[in-house]
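Participant: Could you slot chain B onto chain A? The hints should help.
Residue numbers (my numbering), protein chains in the order written: chain A, 5 to 268; chain B, 102 to 338.
Please note that the accuracy of each hint is not assured.
Unchecked claim - To give an idea of the chain A side of the interface with chain B (calculated C-beta under 8 Å), a few residues:
{"no.": "1", "residue": "L12"}
{"no.": "2", "residue": "V91"}
{"no.": "3", "residue": "P149"}
{"no.": "4", "residue": "I161"}
Treat the hints as calculated values from the structure; they're not laboratory data. Positions of the beta carbon are idealized from the N, C-alpha and C atoms, including for glycine.
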Amino acid sequence: MSARGLALDTAAWASPWRTRRVLDKAILALGLLGCAVALPPWPGGVAAGVSALVILLGPGRVPARLLARCMSAPAVFVIIGAATVMVSVWWDAGPRIGLASSQSDLALQILVRGISGALCAFVLATTTPMVDLFAALRRARVPDPLIEVASLTYRLIFVLLDSARAIREAQDARLGYTSRAASYRSLSSLSAAILVRSWTRARRLEDGLAGRGYVDALRTLDPPVRASRVFIASSLVLVAAIVCLALLPGYLPAGTLPSILRGS
Amino acid sequence: MHIQDILPPMHAIGWAVASAPFVIHGARAVTREVRENPESRLLLGAAGAFTFVLSAIKLPSVSGSSSHPTGTGLGAVLFKPPVMAFLASVVLLFQALLLAHGGLTSLGANIFSMGIAGPWIGYAAWRLLRGVGTSVAVFFAAALADLATYVVTSFQLALAFPDTAGGLGGAFVKFASIFAITQIPLAIVEGLLTVLIFRVIRDVARPELIRLGVISAASPAEQSATQQSASTTEALR
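Next up, chain A with everything else stripped away, as it sits in the complex:
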């Protein structure tokens, strides 16, 4: 599980789009995400998902295997949700359960929304490390203490995941997970050790930083960012094109679209 989290994070640090301005990437990702969620699944939702996939594999240069691994968690959640909608439960002198074929449209909608939504969110997640996101939020006047707590959380996550993995391996090697009672005992001491370790780590960090004059915020220099009007403009054009593709046929009487395309 942690490996997948680190994989998404590693992709973000290695991304060729890392130096792009966060705002530019957020406009693209959130615009596509809006299309995926708000437009009818066909053709709007599918178009948003496909565009996100092309962006990720093309200019985003995210390895396909990594993307498939990252998709596995959301895919499971989405499929369970869609399958549940397909089953119908009602009360008719006792509980009745049946397969609702009339709900298949809704189930399909959930599938498309969930999968394209995750892909669109990946456009931001695989190109922007958390640290850059915090810097952008700081510039957007989010109070310093909140940014500090959030970025400390981010920094400590990796230390604690490593500790958890090491402790778990040690417990496993000492047959800590051979019976259910043993695994509860091992898991409780693992969790408590992580909690105490996070506290002592935090206190040591505080002492060390206080000695270096840590008063309100841990500011670091941001790497130079590349703001691009062309990038924003093309993102907006892409989003607008998807919206038009989804909505235009509905506003025109049947049969007019081909004639417009012919220019007559």
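Facilitator: Relative to chain A, chain B alone:
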């Protein structure tokens, strides 16, 4: 259970609006706390990281499937629900962007179930049962917070996708039987586990618990125990 980006737009916006006051209240509580005691900043960061890591630990379950603790009950007992609402929002954002658990558009709905409903119900159980015994109170705080999260999630999904035949009630029964009822054994496991975790913390990190106001300062009879546990803490480092 995290909801992915499957909610209809109006539902996503509605849950975000419902969660916003709690999160803003929590953020103000955190800001005030940090301005008054700068050293608590690191404690809160550690708490957030702990909650995230806890959700990456797999629990052995009775039914053979595996799940992970939500940690919201323990968090609410240790840090109070307002602070937990903010920490849970940060953790849920991390889970969405680092693990792809839960979507960005459904963040409001997920914050409501995991950061607001779970912690408040767990905290209420802790306050009500603290007189009966610390272990009993911790057990019910953790188990009920876990279960409440899944019941609220089922309700959110039922509201978004009502059943054609059974309506809202039918849909709720359906989602609850998949997510909440299968969660009962896991909630019990999380409750038991949290009692064990709490005992270890009480032995090892008593000064921190007293500072957080979770347990009252030691009575004279317990003074020696405190000193002993303090030396244990030192030894552990």
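Participant: Against each hint, give a clear statement of whether it holds in the structure.
Facilitator: Comparing the hints with the structure gives:
1. L12: holds (6 Å)
2. V91: Holds, because the Cβ-Cβ distance from V91(A) to chain B comes to roughly 6 Å (cut-off 8 Å).
3. P149: holds (4 Å)
4. I161: holds (5 Å)
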